[in-house]
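Make the full structure from the sequences, and use the hints.
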Amino acid sequence: KAGVTQTPRYLIKTRGQQVTLSCSPISGHRSVSWYQQTPGQGLQFLFEYFSETQRNKGNFPGRFSGRQFSNSRSEMNVSTLELGDSALYLCASSMGQGAIYGYTFGSGTRLTVV
Amino acid sequence: AQTVTQSQPEMSVQEAETVTLSCTYDTSESDYYLFWYKQPPSRQMILVIRQEAYKQQNATENRFSVNFQKAAKSFSLKISDSQLGDAAMYFCASTFTGANSKLTFGKGITLSVRP
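These protein sequence lines are chains A and B, in that order. Reading the first sequence from the start, the letters are residues 1 to 114 in the numbering used here. Reading the second sequence from the start, the letters are residues 1 to 115 in the numbering used here.
Some clues are possibly wrong.
Chain A stretches covered by chain B per the calculated footprint, using a threshold of three residues with CB under 8 Å from any CB of chain B [as the list claims (entries may be wrong)]:
hint : segment
1    : 11-21
2    : 59-67
3    : 86-93
4    : 96-103
5    : 106-114
Simulated from the structure, these hints should not be mistaken for laboratory data. Computed from a predicted structure; not experimentally measured. C-beta atoms are modelled at their ideal positions from N, C-alpha and C, and glycine is treated no differently.
This is the structure in structure tokens:
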């Protein structure tokens with residue numbers, strides 16, 4: 001079966017712009033979680049969506065938001081981009097809510113803010 | 001709160017040899033789960049092994065096994081018969097039980113495999 005698909009794979013944006021990243025989970029998976037990966041901070045949890053509702057949120061400013069559609073696909077939006085937002089953004093899906101069963105990750109979107 | 005510590009930034013192993021990657025964690029939870037994930041250059045994080053804290057038996061997956069020492073809060077990964085394809089970054093992670101569980105990752109360790 002198809003894995004977790006993230007688009008686009010690479011993105012370059014200018015400071016102050018906004019960006020939307022997309023994630024399609026494995027078919028049948030209802031939970032989508034987002035993580036930010038940077039060399040300095042490592043992997044940090046952004047948020048989790050389950051059945052179109054945000055169930056959990058990490059310690060990120062309100063510029064980071066997301067949503068989930070009825071087909072479980074999820075989008076993540078970052079407004080007013082800052083240089084520090086440059087990172088690899090990873091999407092992960094799972095059958096149930098939460099992380100206890102482990103995730104299936106996508107290959108990520110590499111965002112560069114210039 | 002949970003913390004995960006991987007103190008070795010890099011390790012190297014000869015092909016066909018065995019290597020052990022270290023991880024320690026701290027948690028106030030009585031019930032939790034531990035994981036090892038592999039991230040090759042393709043960037044996709046791959047679940048290597050999962051351990052339920054209430055199970056005393058160490059988890060194994062083919063050439064991968066863990067040494068789970070609950071009292072010492074240690075969770076090391078042993079890779080036997082190392083292969084060139086094992087070269088990657090390895091992350092140790094933990095989560096508590098409950099609907100709002102999320103992964104807390106260590107900083108990772110870069111494993112290189114010498115042919």
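Hints, one by one, checked against the model:
1. 11-21: violated (count 0)
2. 59-67: violated (count 0)
3. 86-93: holds (count 3)
4. 96-103: holds (count 7)
5. 106-114: holds (count 4)
Violation of the numbered hints given earlier is confined to hints 1, 2; the remaining hints are satisfied by the structure.
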